[in-house]
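Asks: Residues per chain, in single letters:
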Amino acid sequence: MSTEGVIYRVAGPVVTATGISPKMYDVVHVGKEHLMGEVIKIVGDYSIIQVYEDTSGIKPGEPVTNTGLPLVAELGPGLLTSVYDGIQRPLPVLRDKMGDYIFRGVSAPGLDREKKWDFNPTVKKGDEVTAGQVIGTVKEGSTLHKIMAPPSLKKGKVDSISSGKFTVEDVIAKIDGQPVQMMQKWPVRIPRPVSEKYQPVIPLITGLRVLDTMFPLAKGGAAAIPGAFGTGKTVTQQSLAKYSDAEIVVYIGCGERGNEMTEVLTEFPELVDPKTGESLMNRTVLIANTSNMPVAAREASVYTGMTIAEYFRDMGYDVSLMADSTSRWAEAMREISSRLEEMPGEEGYPAYLAGRLSEFYERAARAKSLGGDAGSVSVIGAVSPPGGDLSEPVTQNTLRIVRVFWALDTKLRERRHFPTINWLTSYSMYDKQLSGWYKKNVAEDFPALRGWAMQILQKEAELQDVVQMVGSDSLPDEQKITLEVAKLIREIYLQQNAYHPVDAYCPIDRQYKMLSLIKKYSDLADKALAAGVQVDKIAYLPARQRFNQAKYEEKVDEELAAVDADFDSQFAGLGV
Amino acid sequence: MAKTKSTAKVSKEYKTISQIAGPLVFVKKTEPVGYQEMVNVRLSDGSTKRGQVLDSSEDLVVVQIFEGTSGIDREASVRFLGDTMKMPVSKDMLGRVLTGSGEPLDGGARIVPEKELDIVGAAINPWARDSPADFIQTGISTIDGMNTLVRGQKLPIFSASGLPHNEIALQIARQAKVLGENNEFAVVFIAMGITNEEKQMFMSEFERTGALKNAVVFLNLADDPAVERIVTPRLGLTTAEYMAFELGMQVLVIMTDVTNYCEALRQVGAAREEVPGRRGYPGYMYTDLAQLYERAGRIKGKKGSITQIPILSMPGDDITHPIPDLSGYITEGQIVLSRDLHRNGIYPPVNVSSSLSRLMNSGIGKGKTRDDHKAVSDQLYASYAEGKDFRGLVAIVGKDSLSAKDRKLLDFADLFEDRVVRQGIDEDRSIENTLDIAWEIFKELDVDQLTRIDRKYLEAYLGK
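Heads up: the protein sequence lines correspond to chains E and Y, in order. Read in order, the letters of the first sequence are residues 1 to 576 in my numbering. Read in order, the letters of the second sequence are residues 1001 to 1464 in my numbering.
Be careful, since some hints might not be right.
Said to hold, decoys possible - Here are the computed lysine-lysine pairs in the DSSO-like style, where the Cα-Cα straight-line distance is at most 27 angstroms:
1) E:K275 <-> E:K555
2) Y:K1028 <-> E:K487
3) E:K411 <-> Y:K1300
4) E:K41 <-> Y:K1028
5) Y:K1300 <-> E:K115
Said to hold, decoys possible - Simulated coverage check for chain Y against chain E, where a stretch passes if three residues somewhere in it have a Cβ under 8 angstroms from a Cβ of chain E:
6) 1120 to 1130
7) 1251 to 1265
In case anyone wonders, no lab produced these hints; they're calculated from the structure. Every residue, glycine too, gets a C-beta built ideally from N, C-alpha and C.
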């Protein structure tokens, strides 16, 4: 078995080497500059390697070294607040080492080797521990970072364990004769094991009305956000990263814009997490592999992110993972596949596209870890369909797996209806499973109220077809009122301003209050109509103007109560 | 001018061409050759052509020839230059006109380089980027008011054949300024496959307005080799990076026409017998375009910036065509031109409904433009969209069947196109002027129709 070989051929990010006998997905170092790569195909004596860095100037005949190990993520204290590229190199460290641009051939470990962490053991000498069991904790910001026994451990007695300040590489304990460090390494392409997967029954509360009420995602579930460019995928993803009630957020910028990542990097540290009062960055891990960074690293970035998310899940945290965008990931696969001259499937994508996508989304789960803690990874994947055409392979293969579909709509964008989530085409298959939670934690009639609102919107869509033909004047009065109520739902409830200090986050009880108010207006309007009041008087009720503005007021809850009172008095004025 | 560093050792010449196909030459049995290394090919008549290595193995090297392979036979000798492509750059480049491969075209002397830079720019570390936040006033209402451009942004113009995108690009180049600052400003103009007539128009404009002295012009014309077109924007952007991040200038890069660039990419891909993606364009077109567009931006601690305005023509006015589609996914918004507005004699025919600037929010508001800017813009969008909807309805049922309020919206749409969108080709509107025009036409609506505007702005600006 030789670990040293030479380059035979270079074609873009794909390099062929001879003389090494690697296993599939072994990490190799290529050329004099030791570029990092991964073996993706073996043909006889030829090993085909995807290289994570630019290969310009690399020549046949240069050396290749096999490390014999797969691509791993380093897991341990120091992950939170980090900003990595697709192969877990910290971007701030890269900047210190090589300046404002990313050149090649520079390695940097994922976790800081120097920094000391205060380790507090939770087991003592002589205790019996199993794989994945928590053996101690480290305070990382306000998060309790649990140190777990390595998953490779069968079962064993603690020979020794010490408390105090340690680096991630220091030996903190000996279990069954094995030295244990705080840092674990885990191959990114392999899911971390769990002892049991649960049914998802708790919603991920996001503060976005259209999502929480209409199309909720369960903790441990997976959602797809497809939309043409400019429909607000990134804004939605960022809102979710900011406001969802996950304890840890992993945000993967996969093949997207550099300036967008900068926006996240400047905004997140300034935003405050309502639960801890600390900077949002303290619960976040960012992975930024922008569109002009090497494609092979882009391909790896989603796995790196997922492995980090699973690691926190194993500590018993609710983690949400945003991947923006999975289409860029699929394109990276396509690019590499075409360099390998593989037989293409649909639209040039490799035939294994569907398999890779489902493997990835299946890693989302609510589960009991080996150590016995219940945690979850919820995945929200943005999809960027070419030309907004949802019949393309990445969207279609994604929709076959995920159970929540948030369809972004160009038409809504054109009229500046944000978020642009189309209420007629989107769906959540978790609504039934979650209704128990909503009944218990929000209000008994919440699911019914939601059903009512959806019905009104559906009716509106049907009526709009008629209105397009003959104008709204020719509709009967009840239908005119239906249109007015639908308008309230759309403009007040579904529209939400992601940049407005008050409106950006709407707590779930306020969502209930707002929707109940709309229902109240609808009921009173029906009564008024029955009592012979003119439609115009109902439609131009002065309180509606106030209702429109209420969600932007600083004292929004008082304002909503005032609108409620106004409805009573003003309808009473109409004789109801 | 783009050339390689002379290497000390004399490199060997090979006469082992085994195959010539399209722009590609296949050379057998060479010493190890680097991927993307530069190549000189000497023809039997003594002339030379240049190329670049696309695929290098121990047995065979594939070379892509920039000037096309006509005249090359199997007797031609191939020399590998030992280095990747470099662009010599210097401050003296301002005011120069160069070919698509960087040779002087204005009869001037060769440029004495201060530095030679790799033309495939490395990616800016996202950690090193500074977020774009400075408002650039273009003097065009539909851009400044509703699709604001900020420094460091890449905002393309999606046009189509027969529309005045060149005029708009020139108007922006002429009028663009950052308010309240007096920075060194430069324009890098990159022409890819434009016609000779278009070139004349641009050049005479540059000379008329004196803009040339602050500009570097790269011209790859329609009859220049397609392969050269792939190099041209990289040379231009390398120059722009040098001026922005080493000389500290505010650089505006105008690239036209990206569609021609993509056609060249497809042509070369086909010659390499690659598996094509959508509509025959290479599967890596997204990454390739990103390597151009992502070179816009700002860097922490550096004074300069690169703002890009790429122009592309949508084949068949189709915004879902791969070229505008992939561009739209990379750039931070788009300015879309409309044939309908153009037919109605409105200049600039900007279709605001499908246009967008993603970085607008970071460049507007109090202290940057005006406190009411966002609200005004939202209201214009919403009311214009509603008004336009009624146009379709009126065509069927007539204006009389609309309620009084709806009729006001219908009229508003016309007013908007006439007052806000339409402006003169030399009319340089300040942002206050743009916002004031908007408030004037808001007076034609009822107050309760202005739902997107906070009460405090209504009180401050609507004053009837």
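Asks: So, for every hint listed, does it hold in this structure?
Replies: Here is how each hint holds up against the structure:
no.	hint	in the structure
1	E:K275 <-> E:K555	holds (20 angstroms)
2	Y:K1028 <-> E:K487	violated (71 angstroms)
3	E:K411 <-> Y:K1300	violated (37 angstroms)
4	E:K41 <-> Y:K1028	holds (25 angstroms)
5	Y:K1300 <-> E:K115	holds (26 angstroms)
6	1120 to 1130	holds (count 11)
7	1251 to 1265	violated (count 0)
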